[in-house]
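**Q** Sequence:
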Amino acid sequence: YTKKIIDLAAKIPFSERLRNPDVSTTKRTPICGSRITIDMNISNGKISKFGQKINACALGQASTTIVTRKIIGRSKVEIEELLVAVENMLTSNGPIPKSPFSDYKALSPAKDYKNRHASIMLILHTIIDGFEKFGEN
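Residues 77 to 213 in this note's numbering are what the sequence shown lists, from first letter to last.
The hints are simulated quantities; they were obtained by calculation from the structure and are not laboratory data.
Just so you know, not all the hints are guaranteed correct.
Said to hold, decoys possible - Cut-off 27 Å, straight-line C-alpha distance, at most; resulting in silico cross-link-like pairs (DSSO-like, lysine-lysine):
id: 1; residue 1: Lys103; residue 2: Lys181
id: 2; residue 1: Lys129; residue 2: Lys80
id: 3; residue 1: Lys190; residue 2: Lys174
Model the full assembly from the supplied sequences, consistent with the hints where possible.
**A** Spelled out as structure tokens, the structure:
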């Protein structure tokens, strides 16, 4: 791992669970066993409060930091667009996602390690799952 990945992995924000979330969800990657539980409060279709518990490799932790440090005020559509951008970066030599998520550049070398993609994508899938669960209520 590069110094940038280690630095990102060490700075995960919102590392406390919420007491009264609108929605909670947990997702796990079967390959490496990375696991993320998130809590969200959603107001007017956007995340207003966020909490999480994460047990993942450095790549999963770094990805979580990149996404969640700018998570407040984000909509499901924005997270879905980011998921597509990160997938394209990892699988199709697509461009690095734009600011405020441009630190995904640090994870671009992981495109050569397909078995690590699920861990990098885990936070995005978990947040989208949370929005979908919230929408069902």
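**Q** Take the hints in turn and mark each one as holding or not.
**A** A quick look at each hint next to the structure:
1. Lys103 to Lys181: Holds. Lys103 to Lys181 sits at ~24 Å (cutoff 27 Å).
2. Lys129 to Lys80: Within the cut-off at roughly 22 Å; holds.
3. Lys190 to Lys174: Since the Cα atoms of Lys190 and Lys174 sit roughly 22 Å apart, the hinted pair holds (cutoff 27 Å).
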